[in-house]
Amino acid sequence: MLLKAIIAVVLVTGTLSDTVKVSIYYEALCGDSIRFIAQQLHPNFPKLADYIDLDLVPYGKAVHSNIHGTYYFSCQHGPAECKGNVYQSCALSQNQGDRKNVEFVNCIMRRNPDHFVNVEKCARKHEFNIGKIRNCSRGVEGSELLAQNGEKTLQLEPVLSFVPTIIYNDVYSNQDHMQSLKDFAAVVCSKIEGDKPEICANKRLPRTSWGFFEIF
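Read in order, the letters of the sequence shown correspond to residues -17 to -1, 1 to 199 in mature numbering (1 follows the signal peptide of the UniProt record, and there is no 0).
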């Protein structure tokens, strides 16, 4: 029995060590964020989900302050973006799992994410609690969640300068980030140790030249 327990621990530990942490710092009304989520994250995630520990952080190039216990936010694309960021922060706090989170975020980012009617449609489609999102976004909880995302974003080194920013295993690499914008799956595949999923079979990292990323 002891031997079996030891083997089980080793197997579990091995599985966890093969997981790649992917942190995506984005904002609700950012065109580049929308394109990355719709064209890279969403279509590739189902084939990579078992190998990814996903951290979605809606905030971007916002700033916030706390005055006498009340949070105030200013977002790059205006108040509407702050609303969209809060809605997503509240939805993600329900801990529905990475697969559902990606489906929900993709759904809402393709619409007007600052309109609650669209939040309701996506929440209903992907089985998020609409009432909890509504109450969270209208109260202190939503502000606190967005402020927490802000603290995570503002603590990045180097300072966030492009949205979305994609970080692997908590270590920023400009090359990883830029390559991810073109072929997210290829970068994830390059980070997986040991056996890789089928999607990785013919993946090659996008080229870089003289330190610049060749987007086209």
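Each hint should be verified, as a subset may be incorrect.
To be verified - Taking CB as the label site, the calculated pair distances span: (1) Lys104 with Leu139: 29 to 35 Å; (2) Gly80 with Val100: 23 to 29 Å; (3) Val123 with Glu181: 42 to 48 Å; (4) Ser57 with Lys83: 42 to 48 Å; (5) Ile50 with Ile113: 28 to 34 Å.
Claimed, not checked - PhoX-like cross-link-like pairs, simulated, lysine-lysine; straight-line CA separation at most 25 Å: (6) Lys108 with Lys83; (7) Lys165 with Lys4; (8) Lys83 with Lys115; (9) Lys4 with Lys83; (10) Lys83 with Lys135; (11) Lys179 with Lys165; (12) Lys104 with Lys4; (13) Lys108 with Lys44; (14) Lys30 with Lys83; (15) Lys44 with Lys30; (16) Lys44 with Lys186; (17) Lys179 with Lys108; (18) Lys186 with Lys174; (19) Lys83 with Lys104; (20) Lys174 with Lys135; (21) Lys135 with Lys104.
Everything labelled a hint here was simulated from the structure, so no lab data went into it. We put the beta carbon where it would ideally sit given N, CA and C, even for glycine.
Here is what the structure says about each hint:
no.	hint	result
1	Lys104 with Leu139: 29 to 35 Å	holds (32 Å)
2	Gly80 with Val100: 23 to 29 Å	holds (25 Å)
3	Val123 with Glu181: 42 to 48 Å	holds (46 Å)
4	Ser57 with Lys83: 42 to 48 Å	violated (30 Å)
5	Ile50 with Ile113: 28 to 34 Å	holds (31 Å)
6	Lys108 with Lys83	holds (10 Å)
7	Lys165 with Lys4	holds (19 Å)
8	Lys83 with Lys115	holds (16 Å)
9	Lys4 with Lys83	holds (17 Å)
10	Lys83 with Lys135	holds (22 Å)
11	Lys179 with Lys165	holds (20 Å)
12	Lys104 with Lys4	violated (29 Å)
13	Lys108 with Lys44	violated (29 Å)
14	Lys30 with Lys83	holds (14 Å)
15	Lys44 with Lys30	violated (30 Å)
16	Lys44 with Lys186	violated (32 Å)
17	Lys179 with Lys108	violated (31 Å)
18	Lys186 with Lys174	holds (12 Å)
19	Lys83 with Lys104	holds (14 Å)
20	Lys174 with Lys135	holds (23 Å)
21	Lys135 with Lys104	violated (29 Å)
Checked against the numbered hints given earlier, this structure breaks hints 4, 12, 13, 15, 16, 17 and 21; the rest are met.
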